[in-house]
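**Q** Next come the chains, spelled out residue by residue.
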Amino acid sequence: MALRPDLAIIADALPSSARVLDVGCGDGELMVALRGKGVDARGLEIDPANVTAAIARGQSVVQGDANRDLADYPDDAFDYAILSQTLQTTERPDRVVDELLRIAPRAFVSFPNFAHWRIRLALLWGGRMPVTRLLPVAWYETPNIHHVTVSDFRDLVRDRGIRVERVWHLSGDKPASDAAASWRAEHAIFLIARG
Amino acid sequence: MASLLHQIQHQGVTINAPLPLDSGQVLPSVTIAWQSYGTLNADRSNAVLICHALTGDQYVASDHPATGKPGWWARMVGPGKPIDTDRFHVICANVLGSCMGTSGPATPDAATGAPLGMAFPVITITDMVRAQAMLLDHLGISRLHAVVGGSMGGMQTLAWAATYPERLASALVIASAARHSAQNIAFHEVGRQAIMADPDWQDGQYYGSARAPTKGLAVARMAAHITYLSEEGLTEKFGRRLQARDIKSFGFDADFQVESYLRHQGLAFTDRFDANAYLYITRAMDYFDLADPHDGRLAGAFATAKDVRFTLVSFDTDWLYPTSESRRIVQALQSVGAAASFVELSAPFGHDSFLLDVPALDRLVAGALGSGF
Numbered sequence: 001m002a003l004r005p006d007l008a009i010i011a012d013a014l015p016s017s018a019r020v021l022d023v024g025c026g027d028g029e030l031m032v033a034l035r036g037k038g039v040d041a042r043g044l045e046i047d048p049a050n051v052t053a054a055i056a057r058g059q060s061v062v063q064g065d066a067n068r069d070l071a072d073y074p075d076d077a078f079d080y081a082i083l084s085q086t087l088q089t090t091e092r093p094d095r096v097v098d099e100l101l102r103i104a105p106r107a108f109v110s111f112p113n114f115a116h117w118r119i120r121l122a123l124l125w126g127g128r129m130p131v132t133r134l135l136p137v138a139w140y141e142t143p144n145i146h147h148v149t150v151s152d153f154r155d156l157v158r159d160r161g162i163r164v165e166r167v168w169h170l171s172g173d174k175p176a177s178d179a180a181a182s183w184r185a186e187h188a189i190f191l192i193a194r195g
Numbered sequence: 001m002a003s004l005l006h007q008i009q010h011q012g013v014t015i016n017a018p019l020p021l022d023s024g025q026v027l028p029s030v031t032i033a034w035q036s037y038g039t040l041n042a043d044r045s046n047a048v049l050i051c052h053a054l055t056g057d058q059y060v061a062s063d064h065p066a067t068g069k070p071g072w073w074a075r076m077v078g079p080g081k082p083i084d085t086d087r088f089h090v091i092c093a094n095v096l097g098s099c100m101g102t103s104g105p106a107t108p109d110a111a112t113g114a115p116l117g118m119a120f121p122v123i124t125i126t127d128m129v130r131a132q133a134m135l136l137d138h139l140g141i142s143r144l145h146a147v148v149g150g151s152m153g154g155m156q157t158l159a160w161a162a163t164y165p166e167r168l169a170s171a172l173v174i175a176s177a178a179r180h181s182a183q184n185i186a187f188h189e190v191g192r193q194a195i196m197a198d199p200d201w202q203d204g205q206y207y208g209s210a211r212a213p214t215k216g217l218a219v220a221r222m223a224a225h226i227t228y229l230s231e232e233g234l235t236e237k238f239g240r241r242l243q244a245r246d247i248k249s250f251g252f253d254a255d256f257q258v259e260s261y262l263r264h265q266g267l268a269f270t271d272r273f274d275a276n277a278y279l280y281i282t283r284a285m286d287y288f289d290l291a292d293p294h295d296g297r298l299a300g301a302f303a304t305a306k307d308v309r310f311t312l313v314s315f316d317t318d319w320l321y322p323t324s325e326s327r328r329i330v331q332a333l334q335s336v337g338a339a340a341s342f343v344e345l346s347a348p349f350g351h352d353s354f355l356l357d358v359p360a361l362d363r364l365v366a367g368a369l370g371s372g373f
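Chains F and H, in that order, are what the protein sequence lines are. According to this note's numbering, the first sequence holds residues 1 to 195 in order. According to this note's numbering, the second sequence holds residues 1 to 373 in order.
Worth flagging that the hints you see were computed from the coordinates, not collected in a lab. Remember, predicted model here, so these are calculated numbers, not experimental data. Backbone N, C-alpha and C fix where the C-beta goes; we use that ideal spot for every residue, glycine too. It is possible that some hints are incorrect.
[To be verified] So the derived list for chain F, only partly shown, Cβ under 7 Å to chain H, looks like this: (1) V51; (2) T52; (3) S60; (4) V61; (5) V62; (6) A71; (7) Y73; (8) A77; (9) V148.
[What the hints assert, rightly or not] The calculated label-pair distances, taken between Cβ atoms and stated as ranges, are: (10) P293/H with Y140/F: 50 to 60 Å; (11) P136/F with A244/H: 48 to 58 Å; (12) A138/F with S142/H: 53 to 63 Å; (13) P136/F with A74/H: 44 to 54 Å.
Start from the sequences and build out the full structure, keeping to the hints where you can.
**A** Structure follows, in structure tokens:
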């Protein structure tokens, strides 16, 4: 099965033999893909069915909550932390980002861009919280409690003195140009590092 | 009856080497009874050690010689099962202090030939593990693919990782804890007092007499059995239903089904277990605290076990060894950078879930054993 596009980008960008913590690793899809690269990947996942599936696939995954349980990992336990499609679901995204860069000197953070033109249009014309492919659930039951845009995230990391080493923008499943990414990118992947 | 129990012949070996114990005492030699399943491969790399629980035994997947019932983990161990004996050479030894062929309080004194009784030294979980290591030395197995255990078996598995980290590739710890809590100790003390208050206990020297403390042992089992089940499970199974009657007797017969069930569990237990062994093994569990030699820091116990892959499983209805105890172990493992997996499974059966039909557990066990092999 093909890897989700944002995960494929992260898998490709990771150096071999890196020690990696995949926060919100789901059923271990990315971890399995990284096995061939000699990457030492561990996972944290909140859903017990997903954790069971990942362990059954031979992965090292701990059931836990990114809001709370990142504190159990020592400083610099990993080379990279990964937070894909999860930032917008956390209680305090700013603190989670700090934790990622405490556990590892670098982190990949990917999230759906709430400033994509379709969302802007839906709000402008419809006047209702948008329901899109990447944000498919109505406002009252969505796990996405902290919607974030590409520009918001840039502001956050700048305010916290975090370096952005690389950014990938996706539109659909295809790379989008960096020009006008704020409204053209459906999805962004940041590689951030301690400042 | 205890006397019949001790007449059963078990496959075992007597190792004539001293076994130094945590208490400071030394067993001059040790007899270990064990069962094995599947074939050891040519490079001796496919051995899996299963550690049994308090009242378990080495008959993991074969009929019990006293009761004739199927092995206690026959659903998990066998050809094509999660612990696949077509792939793995599975070994299970009766623990030190027990009553199914391994040295314990019923073992005869070398000098007098009379059963040791309470002269048998108090042992610990780590002593049990040392005895298992002696067996593996005898069998020529230097390194295990995995050590697996539920409940007290999980404690032994943790003690294996802490004591012989270079001798195992992975550790699978199910429904267990790295220490006995005050509540755990309290329940065990009720059981021990029930045995020792039975006049037939005779200070532990009942082996030669016609009387054995079966009443006390049965009460100990009844109390313990409650801790193995969930309230939800008990309610579902028995509720307040009456046993073989329509109205209350206004007496002290087993009016309620749950009473009848517990009485049966208690009595049946005395056919297959020795009261003194129950005292010694519960004591070993109460003394268990893996952090104790490391100034209370559990991580200290795992400092040399970084290369062991750990998998921990708890059950949401297990109040004997609750999820918080497994999490505590996971946190210690993470702090030393060991590869750890952990999941809390949902199952209605309380602590006993690890022995029962929980399909997610089967998948986990197979996955935890399969990786890296």
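**Q** Give me the numbers of the hints this structure contradicts, sorted from smallest to largest.
**A** 6 and 9
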